[in-house]
Every structure is written in C-alpha cells, then in structure tokens.
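Asker: In order, the protein sequence lines correspond to chains A and B.
Take the first sequence: its position 171, counted from the start at 1, is 171 in full-length UniProt numbering, and no numbers get skipped.
Take the second sequence: its position 34, counted from the start at 1, is 34 in full-length UniProt numbering, and no numbers get skipped.
Any given hint might turn out to be false.
Straight-line distance between alpha carbons at most 25 Å, and here's what the computed BS3-like set of lysine-lysine pairs gives [as the list claims (entries may be wrong)]:
id : chain 1 : residue 1 : chain 2 : residue 2
1  : B       : 127       : A       : 275
2  : B       : 258       : A       : 268
3  : B       : 258       : A       : 200
4  : A       : 268       : B       : 242
5  : A       : 275       : B       : 151
6  : B       : 132       : B       : 148
7  : A       : 176       : A       : 241
8  : A       : 8         : A       : 91
9  : B       : 258       : A       : 241
10 : B       : 148       : B       : 127
11 : B       : 242       : A       : 269
No lab work stands behind these hints: they were computed from the structure.
Please read all numbers here as calculations on a predicted model, not as lab measurements.
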Amino acid sequence: MAQKELLKVTNLKQYFPIKGGFLGRTVNHVKAVDDVTFEIFEGETLSVVGESGCGKSTTGRAILRLDEPTAGEIEFDGGDLLALSKSDMRKKRKDLQVIFQDPYASLNPRQTVAQILTEAMAIQNVIPKKERRKRAIELLETVGLNAGQIDRYPHEFSGGQRQRVGIARALSVNPKLIICDEAVSALDVSVQAQVLNLLKNLQREFKLTFLFIAHDLGVVRHISDRIIVMYLGKIVEIADKKSLFDNPQHPYTKSLLSAIPTPDPEAKKERIILKGDVPSPIDPPTGCRFHTRCPFATDLCKTEVPDLRNLDHMKEGHRAACHHIEKIVTGDMQPT
Amino acid sequence: MSEDIILDIKDLQTSFYLDDFEVKAVDGVSFKLPKGKTIGIVGESGSGKSITALSILRLLDHPGKVKGGEINFKGRDLTTLTDKEIRQIRGNEISMIFQEPMTSLNPVYTIGQQIRETLKVHQGLDKENGTKKAIELLKLVGIPSPDKRVKQYPHELSGGMRQRVMIAMALACNPDLLIADEPTTALDVTIQAQILDLINDLQDRLGMSVIMITHDLGVVAETCDYVAVMYGGKVVEYQDVKSLFRNPKHPYTVGLLKSIPRHDTDVDELEPIRGSVPSPKDMPKGCRFAPRCPFATELCMEELPSLDHVEGESEVRCWIYTDHWDGDAEVKAHGPKRVAQSN
Ligand SMILES: Nc1ncnc2c1ncn2[C@@H]1O[C@H](COP(=O)(O)OP(=O)(O)OP(=O)(O)O)[C@@H](O)[C@H]1O
Ligand SMILES: Nc1ncnc2c1ncn2[C@@H]1O[C@H](COP(=O)(O)OP(=O)(O)OP(=O)(O)O)[C@@H](O)[C@H]1O
Ligand code: SF4
Ligand SMILES: [Mg+2]
Ligand SMILES: [Mg+2]
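From just these sequences and the hints, can you work out the full model?
Answerer: So this is what it looks like as structure tokens:
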C-alpha cells in the first residue's frame, strides 16, 4: 500500500518561555513539544492521545502556525509550511482546517449560521458569491442539520448541533486536512456518537484526512487508523490502531490502556496503577521522561533518552521509545 | 432486599422557581441504597444528577427547593428536619466531594488548616490533635510526606492530590454515606484510576455507603453495586450493576450503551440515540424520552409511565413493560436491546 504523505512533521519543538524576576527575563522554558517526528498519510485518521499537558494541542497549533514553532520542519502537501509568509499561510488555511472542543467559543455569537458559513467561503474565495448560500444549505444538510435552521444563531443550537455547525464551517472551504482538537470531548455520549459517525461518513465521502486530538481512548479506537501516544512533550509510541490496542509496547501505553474503566462489570481486568503524577514540563525528568513513574525503570532510563524503535515482534510502522522493550516482552524484566 | 437500607429516596422533586418559570430539575427520583454499597447515578448533562445530590444535603442554591418526596436516611426523613438538624448531618454522617476540588478548597489557607477546621467544627479537636489527625487522614488517602503537605497551599498540589485532600476532608468524621459528584471527571485517566481505587479501598475498610455520580458508564461498571439511570429529571431505570449491563431495560439505557465507543473491543458502527436531551423549558409531556425513542407510541407521547418493578429488584419507567403497551410486539417479547440490534 503506497500511501501519499500529506503532512510530515520533523523534529518539531515548541518551547514556551517563562518570564521571571523583576526584569521579566526568560528564566526557563516549558518544553511543551520536544522533538516530535511523524507523518500523516492522505485519507487516514491519525490520533494523538495522552494526558493533560502532554503537548497534543500544542502540536496541532504548531502545524496551523497559531504558535510559531521553536524548531523543526513541517511539510504539507509537498510544500514547506514554515517558509510561508503570514498572508500565504492564511491562504493555506483553506486546506488546513481545525475544529475545537468548544464550538461556542469559536463561533461568533452575533452571526447566523448562514453568515458564519458564507464568511468562511468568502475569506477563502472558494465559491462565487451568489452560490454561497445554496452551498451553505447543502453543507448544513451534509452535517445533519436542516435548511430551515440556516438563519439561526449559535445559542439557538444544542452543543451537538453547534459542533455540527463547526464541522460545516470547516468543510465549507473543501480542506485537505482537518485537525480535530477534542472535537467531541464536551458532548454527551449519545450525541458524541452521532458526531463521530458523521465525521467517519464525511471522511469517506470527501476523502478527508484527520489529525484527531483526544484523550478518550474509546473515541480514538473508534475513529483512528493510526495512533500516537504522547507523554510530556514526546512521542512514546506510534502504531496502527490494532497493534496499539492489542500489542502495546511502551509501559506508559500499557498503564494508560489499563487505567480506562471498562463499561462491563464482568470484564476481568488487571490494572497497572501508576505511582504519582505527571511531572512538570518545565524541568522534565532526564533520560526517559516516564522513568519517575515507570515500573521497569533502571539507571539507564534515568540518563539516556530512548529512541523510537521497531523490533522484530512488532508490526511494520509500530515504534516505541523504551530501552527495555525486548526484556519486557520476554518477561525477563518484571515490574517493581 | 434483605440488606439494611441506609438511604431510601421516594419520588423526590426539586424545582428552581425562576421569575416566570419553574425548572423541574428533579422530578421523580426514587432509589434505595443498601448499607456499605455503592449506587451509581448516571445520565447525560442536565438530567438532574447533581441536584439530586444537593437536595439530599439541602445545599441547593436559591431559588431551588425540594418540593416533594422523601429522603429516608437511617430511618429519618431528611426533608422533615430543621436546617440545624441537617447541618449536623452534613459533614458528619453524610459528606460530599465535588468535581472540581480547587473551587471547594480555600486558596488562602493551608491544607492542614482546612482539615483542622473541619475537625474542630465536627469533632471539637484542638490544634495539636487536629494536626495529628490531619496527617493521619492525608496518609490514609495516599498522599506522600503528609507532614510536609499539611503546610502547603492548594495551588501547590496537583489536581489528583487536591482531590485526595477533598476525600480526606470528607472522611474526617467517618461518614456513613459519601456522595461523590463526578469526583474524577476533571482528572486524567491514570489519576482517575488511583482515585477510584482509593474510594473502593476506603469503602471496604470503613464500611461506608457511596453515591457515585458520573456520566461515565465505565466508572459505573467498575465501582458500583447498583445503578439509577436518570433522564429529564427522572430515574428511568434502577438495577443492580450486572443486570443493568447484561439486560438493560429502558430504551434510553440501551441507547446509551450502544453509543459508547469502547476502548476494549472494536465496534463497527455506533448506534447513537437520535436528537438531543430536552431542555427543561420544553419537556415532553409524556415519557420524557419519547421524542428520541425508536419504540415510542402515541401513549408514550401523551402519558408519563411510572417507575415500576419488573423482575425482582429491577425497576423501569417505560410503557413497554406494562399491560397498556400496544406498540411493537417484538420489543415487548425480547426487550429493546435485542430488537434494536436487529433493526
Ligand atoms: N502559550 C503557552 N505558554 C506557556 N505554556 C504553554 C502555552 N501553551 C501550552 N503551554 C504548556 O504546554 C504544555 C502542553 O500543553 P497542551 O495544551 O499542548 O497540552 P494538551 O496535551 O493539549 O493537554 P489537554 O489534554 O489538557 O488539552 C502544558 O504544560 C501547557 O501548560
Ligand atoms: N441554580 C439553578 N437555576 C435554575 N436551573 C438550574 C439551577 N441549577 C441547575 N438547574 C437545572 O436543573 C437541571 C438539572 O441540573 P443538574 O446540575 O442536576 O444536572 P446534572 O445531571 O448534574 O448535569 P451535569 O452532568 O452537566 O453535571 C438542569 O436542567 C439545570 O439547568
Ligand atoms: S415509554 Fe415509550 S417512549 Fe418512553 S422509553 Fe418506553 S417505549 Fe420509549
Ligand atoms: Mg489540549
Ligand atoms: Mg452535575
């Protein structure tokens, strides 16, 4: 399967300065994303999961250049995104749309749905002016709303319906890639299921590519082709969905998966309870950043940063960043 | 039920009286909680879970009022007590923890000062004994170096640690009943696992009864013995946890279970419930779920079903289970879980 790379992120770093002292000098950095490399293939859904603060949104924002990356390269559809001028980047946003968690915050409350959608089309100038309203109606129907709702304001919609409006707006410019940052996280489960089904259907219909940022691994399993697991600004594991859920390699991925409550009271579970909290990204642990909580950590883990590696027992494309994958898989190393 | 019932709520009704409108936030909540057990209250946003909890403790904001029903706790109906009597029960016999621990901790006092204050009010402990007990409690809830932590302020702790502190404070007086309102919703899953483990473990050790309010059916499955499912201010189904997941009875419960994307198995297509939750301003007059229910009949649209026993201890509020049902015969014979699947 020769897949085309739509987006390639190489050695991306995003450090946010922390000002301090009475001179307001930069005293330190939040290493929100620290040397992250991955690619997204055309037509797939790649998800990024991990706990709060691990750098998921920052990665998405860097790709959109909502924050300018500290270092690294971002190639999109064959071109260098970081080389674009501000105004060229704005034009590029036609191909690169985003849907956020809180549609209410991202929709102008004083605009009707018709205005929201036609304005998006106008900015990118994708459709002749007199056809825009017709297109807006089509879009509403595509996302499961009806034409009669086109002159309503965002507050007249429920949360799930507002998220549909946000999706319609993203679709209005025929994008290639949509970054969904916690796009269904705020929705009630019955409505969340509607929106997930909608996203899947739209992807099939319009050959969309999704970068799907989420912390709910149930949602991620449902929607993804491949999954990236992040911990404290670094990728700890990347794999196709099946490998990740059936054959996780990194101790963090394993504990994350085991921590999710299963909606079945009769399921037998072995839970790996992690010690302590996620450390601060200001002074992240040396070596493997997970070593302070890892049940397998050794001295090596404290000093050497592990690379993402693919080993014989792992499927192609499945990589994990742990020094001890081999010994853990054979059982030669036991958790402490 | 042969077991001791610690809490028995009957047809609780709580309303907010706005200028021109009565919001019936809780409008028919009934359930029983056996001593030492955990009941889960589940339902989507706005279904009345938190207001149920706040009604028990009479912590409702103005203009909210319990307007009907009984809250029988250890043999006394709490709705008949004076405010003073309720205050004595609050924090002593019944404690509550909330979703966002930061808003319930006071940022200007140390953790130790706050726990000591609780202990002083409820148990009359002096400073020295209060500090000792505070350290003991922090240790009980698994906070490392508790003797240092008592001197710290809430903002110096992580979210998970703050929730542990809240639990420590809630446990300060060995309550008989702990009400936990979304105690882990704001936390990461690895921290959630720690906190749920802690609550389970403490419950075993201290013999507490627990009301676990959540919208997460995974949390229910892993922590509860009984479940009350709420929709539109009403309990629509009450079962022991295994029966609920094996054999959900209310079409809403069935719909919820089919809407969850599972992390432990592949589901080809989610089967969402159509539409969205009704707002209190236009509550359907019959069964609250009728406009979204795939089985609804004219009767469902017009008349509200009551919460009735079906099979043993299970209760359901749905016309399908009554003699009045004149809709789909399949669903009557096989239940909504089986029928919806074959549709
Ligand atoms: N503009 C900023 N200035 C300083 N620090 C920032 C900024 N934006 C993000 N951070 C920090 O960077 C880290 C990563 O944040 P990010 O928002 O990417 O996390 P996330 O994985 O999306 O988490 P969540 O699940 O909570 O949304 C956090 O420690 C955050 O506090
Ligand atoms: N102070 C108030 N004034 C008016 N209405 C209120 C007030 N507090 C709650 N309500 C209404 O009561 C209903 C039940 O609210 P409640 O907070 O119990 O929901 P919940 O099930 O806890 O939801 P969530 O999952 O979002 O926490 C809602 O319709 C809500 O809008
Ligand atoms: S009473 Fe009717 S509408 Fe309500 S859940 Fe039962 S079948 Fe559906
Ligand atoms: Mg984020
Ligand atoms: Mg609530």
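Asker: Check the hint pairing residue 127 of chain B with residue 275 of chain A against an upper bound of 25 Å on the C-alpha distance.
Answerer: With a Cα-Cα distance of about 32 Å, the restraint between residue 127 of chain B and residue 275 of chain A is violated, given a limit of 25 Å.
Asker: Do the alpha carbons of residue 258 of chain B and residue 200 of chain A lie within 25 Å of each other, as the hint requires?
Answerer: holds, 17 Å
Asker: Straight-line Cα separation of residue 258 of chain B and residue 241 of chain A no greater than 25 Å?
Answerer: holds, 21 Å
Asker: Does residue 127 of chain B lie within 25 Å of residue 148 of chain B when you go C-alpha to C-alpha?
Answerer: Measuring from Cα to Cα gives roughly 16 Å; hence the hint holds.
Asker: For the pair we were handed, residue 242 of chain B and residue 269 of chain A, check the Cα-Cα distance against 25 Å.
Answerer: holds, 16 Å
Asker: Would the pair residue 132 of chain B and residue 148 of chain B pass a check requiring their Cα atoms to be no farther apart than 25 Å?
Answerer: Given that 25 Å is the threshold and the Cα spacing comes to 12 Å, the pair holds.
Asker: Does residue 176 of chain A pair with residue 241 of chain A here, judged by a C-alpha cut-off of 25 Å?
Answerer: holds, 22 Å
Asker: Between the alpha carbons of residue 258 of chain B and residue 268 of chain A, is the straight-line distance 25 Å or under?
Answerer: The given pair, whose Cα atoms are some 21 Å apart, holds under the 25 Å limit.
Asker: Given the proposed pairing of residue 275 of chain A with residue 151 of chain B, does the C-alpha separation stay at or below 25 Å?
Answerer: holds, 22 Å
Asker: Keeping to a limit of 25 Å between CA atoms, is the pair of residue 268 of chain A and residue 242 of chain B held or broken?
Answerer: holds, 13 Å
Asker: Would you mind confirming whether the straight-line C-alpha gap from residue 8 of chain A to residue 91 of chain A stays at or under 25 Å?
Answerer: holds, 19 Å
When held up to the earlier numbered hints, the structure conflicts with hint 1 and nothing else.
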